[in-house]
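*Asks:* This is what each chain is made of:
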Amino acid sequence: MTTTPSGAAAGAPAIEIHDLHKSFGPVKALDGLELAVTHGQVAGFLGPNGAGKSTTIRVLLGLLRKDSGNVRLLGGDPWRDAVALHRRLAYVPGDVSLWPNLSGGEAIDYLTRLRGTVDKRRKAELLERFELDPTKKARTYSKGNRQKVALVAAFMAEVDLLVLDEPTSGLDPLMESVFMDYVREAKDRGTSVLLSSHILSEVEKVCDTVTIIRAGRSVESGTLDQLRHLTRSAVTTVVTGDPAGLAVLPGVHDVQTTTVEEGTRVTFDVDNADIGGVLTALSAMGVHSFTAAPPSLEELFMRHYGDELAQEEAAAKHAADAAEPGARSRAGAR
Amino acid sequence: MTTTLERPAPPAPAAPAARGGSTLTGTWSLIRFILRRDRVRLTVWTVLIVMFYAYFTAALGLMSDTPGALEARGALMETPAGIVMGGPGYGIDNYTVGASMANEGTVWMVLALSIMSILHVVRHTRAEEESSRSELVRAAVVGRHAPAVAAVVTLVLVNVVIALVSALAMTGAGGIDELPMADSLGMTVGVALSSIVFGAIALVLSQLSEHGRGATGLSLAVFGLAFAIQVAGNLREIPGGTTLSWFSPIAWAQQTRAFVDLRWWPMALSVVAILLLLWLAAILASRRDFGGGMIATRKGRADAKASLRGPFALAWTQQRMALLWSCLGLGLMWFATGTLIPDIGTMVGDLVSENPAMAALFGDDPSTFATGFLGVIVLYAVLCCAAYAIVMAARPKAEETAGRLEIALARPVSRGRWLGAQLSVATLGAVVLTAVSVYALWFGAVVVGESEPGFGPYSEVFLAQLPAVLVYLGFVAALFAWAPRLTGLGWALLGYTFFIGFFGPLIEDMPDAAHYLSPLYWVPEAFVEDFDGVAFVGLLAVAAVLYALAFVGFRRRDVVTT
Numbered sequence: 001m002t003t004t005p006s007g008a009a010a011g012a013p014a015i016e017i018h019d020l021h022k023s024f025g026p027v028k029a030l031d032g033l034e035l036a037v038t039h040g041q042v043a044g045f046l047g048p049n050g051a052g053k054s055t056t057i058r059v060l061l062g063l064l065r066k067d068s069g070n071v072r073l074l075g076g077d078p079w080r081d082a083v084a085l086h087r088r089l090a091y092v093p094g095d096v097s098l099w100p101n102l103s104g105g106e107a108i109d110y111l112t113r114l115r116g117t118v119d120k121r122r123k124a125e126l127l128e129r130f131e132l133d134p135t136k137k138a139r140t141y142s143k144g145n146r147q148k149v150a151l152v153a154a155f156m157a158e159v160d161l162l163v164l165d166e167p168t169s170g171l172d173p174l175m176e177s178v179f180m181d182y183v184r185e186a187k188d189r190g191t192s193v194l195l196s197s198h199i200l201s202e203v204e205k206v207c208d209t210v211t212i213i214r215a216g217r218s219v220e221s222g223t224l225d226q227l228r229h230l231t232r233s234a235v236t237t238v239v240t241g242d243p244a245g246l247a248v249l250p251g252v253h254d255v256q257t258t259t260v261e262e263g264t265r266v267t268f269d270v271d272n273a274d275i276g277g278v279l280t281a282l283s284a285m286g287v288h289s290f291t292a293a294p295p296s297l298e299e300l301f302m303r304h305y306g307d308e309l310a311q312e313e314a315a316a317k318h319a320a321d322a323a324e325p326g327a328r329s330r331a332g333a334r
Numbered sequence: 001m002t003t004t005l006e007r008p009a010p011p012a013p014a015a016p017a018a019r020g021g022s023t024l025t026g027t028w029s030l031i032r033f034i035l036r037r038d039r040v041r042l043t044v045w046t047v048l049i050v051m052f053y054a055y056f057t058a059a060l061g062l063m064s065d066t067p068g069a070l071e072a073r074g075a076l077m078e079t080p081a082g083i084v085m086g087g088p089g090y091g092i093d094n095y096t097v098g099a100s101m102a103n104e105g106t107v108w109m110v111l112a113l114s115i116m117s118i119l120h121v122v123r124h125t126r127a128e129e130e131s132s133r134s135e136l137v138r139a140a141v142v143g144r145h146a147p148a149v150a151a152v153v154t155l156v157l158v159n160v161v162i163a164l165v166s167a168l169a170m171t172g173a174g175g176i177d178e179l180p181m182a183d184s185l186g187m188t189v190g191v192a193l194s195s196i197v198f199g200a201i202a203l204v205l206s207q208l209s210e211h212g213r214g215a216t217g218l219s220l221a222v223f224g225l226a227f228a229i230q231v232a233g234n235l236r237e238i239p240g241g242t243t244l245s246w247f248s249p250i251a252w253a254q255q256t257r258a259f260v261d262l263r264w265w266p267m268a269l270s271v272v273a274i275l276l277l278l279w280l281a282a283i284l285a286s287r288r289d290f291g292g293g294m295i296a297t298r299k300g301r302a303d304a305k306a307s308l309r310g311p312f313a314l315a316w317t318q319q320r321m322a323l324l325w326s327c328l329g330l331g332l333m334w335f336a337t338g339t340l341i342p343d344i345g346t347m348v349g350d351l352v353s354e355n356p357a358m359a360a361l362f363g364d365d366p367s368t369f370a371t372g373f374l375g376v377i378v379l380y381a382v383l384c385c386a387a388y389a390i391v392m393a394a395r396p397k398a399e400e401t402a403g404r405l406e407i408a409l410a411r412p413v414s415r416g417r418w419l420g421a422q423l424s425v426a427t428l429g430a431v432v433l434t435a436v437s438v439y440a441l442w443f444g445a446v447v448v449g450e451s452e453p454g455f456g457p458y459s460e461v462f463l464a465q466l467p468a469v470l471v472y473l474g475f476v477a478a479l480f481a482w483a484p485r486l487t488g489l490g491w492a493l494l495g496y497t498f499f500i501g502f503f504g505p506l507i508e509d510m511p512d513a514a515h516y517l518s519p520l521y522w523v524p525e526a527f528v529e530d531f532d533g534v535a536f537v538g539l540l541a542v543a544a545v546l547y548a549l550a551f552v553g554f555r556r557r558d559v560v561t562t
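Chains B and F, in that order, are what the protein sequence lines are. According to UniProt numbering, the stretch in the first sequence is residues 1 to 334, in order. According to UniProt numbering, the stretch in the second sequence is residues 1 to 562, in order.
To be clear, the hints were calculated from the coordinates, so they are not data collected in a lab. Ideal Cβ positions, reconstructed from N, Cα and C, are used throughout, including at glycine. Mixed in with the good hints, there may be bad ones.
As the list claims (entries may be wrong) - A few chain F residues facing chain B, derived, Cβ under 7 Å: (1) Lys-299; (2) Gly-300; (3) Arg-301; (4) Ala-302; (5) Asp-303; (6) Ala-304; (7) Leu-308; (8) Arg-309; (9) Ala-402; (10) Gly-403; (11) Arg-404; (12) Ala-410; (13) Arg-411; (14) Pro-412; (15) Val-413; (16) Asp-558.
To be verified - Covered stretches of chain B, as calculated for chain F (at least 3 residues, CB under 8 Å): (17) 62 to 70; (18) 74 to 86; (19) 99 to 105; (20) 110 to 117; (21) 136 to 145.
Said to hold, decoys possible - Below, computed lysine-lysine pairings styled on DSS-like, alpha-carbon distance capped at 25 Å: (22) Lys-397/F with Lys-143/B; (23) Lys-120/B with Lys-187/B; (24) Lys-299/F with Lys-136/B; (25) Lys-137/B with Lys-397/F.
Please construct the entire structure, taking both the sequences and the accompanying hints into account.
*Replies:* Shown next as structure tokens:
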């Protein structure tokens, strides 16, 4: 907007992180993290508490110094060009702490004036939409209201990048939807957004791409569609023929059968790559009804953080298979 | 429809009274929890207070070996300055170690213990509620009054322990003949009860104010008032004070006349006051909501003033009230001290002419009596300014740990600009406060017609002392930048300076190097030695290096948020 740091070309990726490492003493917070956000994209940044989301964001903001790796923010170096880069971004921390003797309105004005001038109409609109009383002293605000102060301050100006670290953790669903409106508005203006969260539905609503991290490493990233591609679909079908052949097909998991009026109801998960073979086999069995649901992000997430759980399950299933070949128990179902 | 509702009825909740659930349920667990949580804190307080009792007694015992020294001290205690710093003056005609201990020590021991009591009570009542930790506790099987009662019980406990051990320490340090056990107990128990009174006042104020800081501030203000009442009462008549003195809880400890003519009944006033205050607190607590107070929080502005622009303006709004109150409080105190200077000169002069042995203590030259005393006062004043500098230089750390530094630095604000704003406001405050302190002393002296030393020498003293104050500020700032966890070392340096400044000369075989660490060692003695340009420039250079280190270190390190 005002000054552009050297090397920042228009259309440069908003965020590029490659092989980022950061340790706090003996604790490895980030261990080879990869993250990319292209210009104008809304990127979800998912991970459980302690995965390294906030550490990554603080490195991006030049608050923490990286140990090694490449980090580019809006084409600049987040540590060296911090001031110039911060003119072009806005940040909302997960746990907002404000100056106890300032009112919410004063804190918003102060933060806004660090970058430019206060647009009073915009402020009034934001205060109204977020239902925030600006005259209360910051120390009397609840967590949600402190968060609203930071959100209003962030949405006050047009920036190139919004960095939001679990910004809705204290908001009620109504306020969350107001927040989503403003994120969409920013996106329509061409603002890139990095939205960290451990709430999947939040990311699913607005994000174009998702990066999932765990223990300081990226474990998966891509567009929502791409990620779903890697995963299984849940299929429920009723067939008139004998479904026994399904279980041995490649990519088919957790087959369960129940006898119903129309024939046999079969439910199973199938790797999306193998869905063609399954459809061929099914058509030979006389399909009465068929539904296939894409996995929710919840399931994606469970797959990453339920590793141990999944292994246990697999082991349990294996044992059950050995004991009762052919007949699958429902016990292993999620 | 009706059949679906015929589920077995849930067991009726046990009536609260059936299991002895009162508003005090859980008090015992909370007491144990407080003792566990504060085991280090309370131990440190206890050890420090007991050591102070023992040290003070031993120091006076040593002094009494010099013939006439205690008499001279007693004579000093009859002067207004002595009354302000000491007490109602029981036993000053025959000033023994015990009488001196009770007369001069009581008010300071009440001060130290009251600060402990006020902090303890607020910490375990209002501050807990404010932080919503108490919400978790209260949601468990814990009665409404249990947290407050647990705070009071532990408060009484720690005060009683301190009183008993201190009495043993005093009698032990001074000898049973000089300091009988009963009198030692009379002093320490009286002090402990006064301190509990202030703890109970803090409990009442914790019901009124919604914020821990507010409750602490109000309680300390009440202590200040009690101190002033006691001084005003004692100034009119010595020994014993006047009726006015008795309106101060501090007097209830002083009036036991320990080591002179011990009487126990003034302590009953403390006990009655404690019970009344606890009763009042209970009434207020039953009327208010959880988390609520009785003093409403004021509304703020919806829009910031045009002047609130940039980190410097914010640092100024954060520090100005502290600066204002420090200037007012310390300014008044040093002004009052200044008005006493002529009395000191004459009084010491009389003493020396009556008793040639006194000359050993105060020197032969009458013209230096007052300046010697002034030097000590300047030392106190500068240490107060250094304390202010340390507090303000530690402000950035509070901003950082609270996470406010993070949101400021996420805006286009460089680290240098942010730290520069914090430190320049702190430096400005320290300069103003030092000037106010020194010139208040001068003005107090001028008002009572003491024209020597004049404005010039006072200005020299101000200039000479200022760089030392800035060294403390720079030291804490550098610690903040390089080792934020060690910021508290600033207080260690101040404590060390105090120790070296007051007790260093008394210790034989003290290596010179031990003095060098004290910034004030390099400052020429006020009103005695000439202004030393080399020391001035040298100290300024040290401060400058420390400031520079702060900026360099702060630009390099991670911003830490807890």
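*Asks:* Would you mind marking each hint as holding or not holding in the structure?
*Replies:* Okay, the hints, checked on the actual structure:
With its C-beta approaching chain B no nearer than about 5 Å, Lys-299/F sits inside the 7 Å limit, and its interface hint holds. Taken as an interface hint, Gly-300/F checks out: its beta carbon lies about 3 Å from the nearest beta carbon of chain B, inside 7 Å. A least Cβ separation of about 6 Å between Arg-301/F and chain B falls short of the 7 Å threshold, and the interface hint therefore holds. Annotation: interface hint on Ala-302/F holds; nearest CB of chain B at approximately 4 Å, less than 7 Å.
Below 7 Å, beta-carbon pairs count as interface contacts, and Asp-303/F has one with chain B at about 5 Å; its hint therefore holds. For Ala-304/F, the shortest C-beta to C-beta distance to chain B is roughly 4 Å, which falls under 7 Å, so the interface hint holds. Taking 7 Å as the C-beta contact cut-off toward chain B, the hint placing Leu-308/F at the interface holds, the least distance being around 6 Å. The criterion of a C-beta within 7 Å of any C-beta in chain B is met by Arg-309/F, whose closest approach is roughly 5 Å, and the hint holds.
Because the beta carbon of Ala-402/F sits about 5 Å from the nearest beta carbon in chain B, less than 7 Å, this interface hint is met. With 7 Å as the threshold, the beta carbon of Gly-403/F comes within range of chain B, its nearest partner Cβ sitting at about 4 Å, so the hint holds. Checking Arg-404/F against chain B by beta carbon gives a least distance of about 5 Å; that is within 7 Å, so the hint holds. The beta carbon of Ala-410/F comes within 4 Å of a beta carbon in chain B, closer than 7 Å, and the hint placing it at the interface holds.
Taking 7 Å as the C-beta contact cut-off toward chain B, the hint placing Arg-411/F at the interface holds, the least distance being around 4 Å. Proximity of Pro-412/F to chain B holds as hinted, the smallest CB-CB distance being about 4 Å (cut-off 7 Å). The closest approach between the C-beta of Val-413/F and any C-beta of chain B is roughly 6 Å, which is under the 7 Å cut-off, so the hint is satisfied. A hinted interface residue such as Asp-558/F counts as satisfied when its beta carbon comes closer than 7 Å to some beta carbon of chain B; here the least separation is about 5 Å, so the hint holds.
Closer than 8 Å: that is the beta-carbon criterion, and the region 62 to 70 of chain B has 4 residues meeting it against chain F, so the requirement of 3 holds. Counting residues of the region 74 to 86 of chain B whose beta-carbon sits less than 8 Å from any beta-carbon of chain F gives 4, enough to reach three: the coverage restraint holds. Counting residues of the region 99 to 105 of chain B whose CB lies closer than 8 Å to any CB of chain F gives 6, so the stated coverage by that chain holds, three being the minimum. Coverage of the region 110 to 117 of chain B by chain F holds [criterion: at least 3 residues with CB-CB distance below 8 Å; count 5].
Residues of the region 136 to 145 of chain B with a Cβ under 8 Å from some Cβ of chain F number 4, which satisfies the need for three, so the listed coverage holds. For the proposed pair Lys-397/F and Lys-143/B, the alpha carbon gap of about 22 Å is at most 25 Å, so the pair holds. With a C-alpha separation of about 22 Å, the suggested pairing of Lys-120/B with Lys-187/B holds against the 25 Å cut-off. Restraint check: the Cα-Cα separation between Lys-299/F and Lys-136/B comes to about 5 Å, which is no more than 25 Å; the hinted pair holds.
Pair hint Lys-137/B plus Lys-397/F holds up; C-alpha atoms about 22 Å apart against a cutoff of 25 Å.
Going down the numbered hints, you'll see the structure goes against none, and every one checks out.
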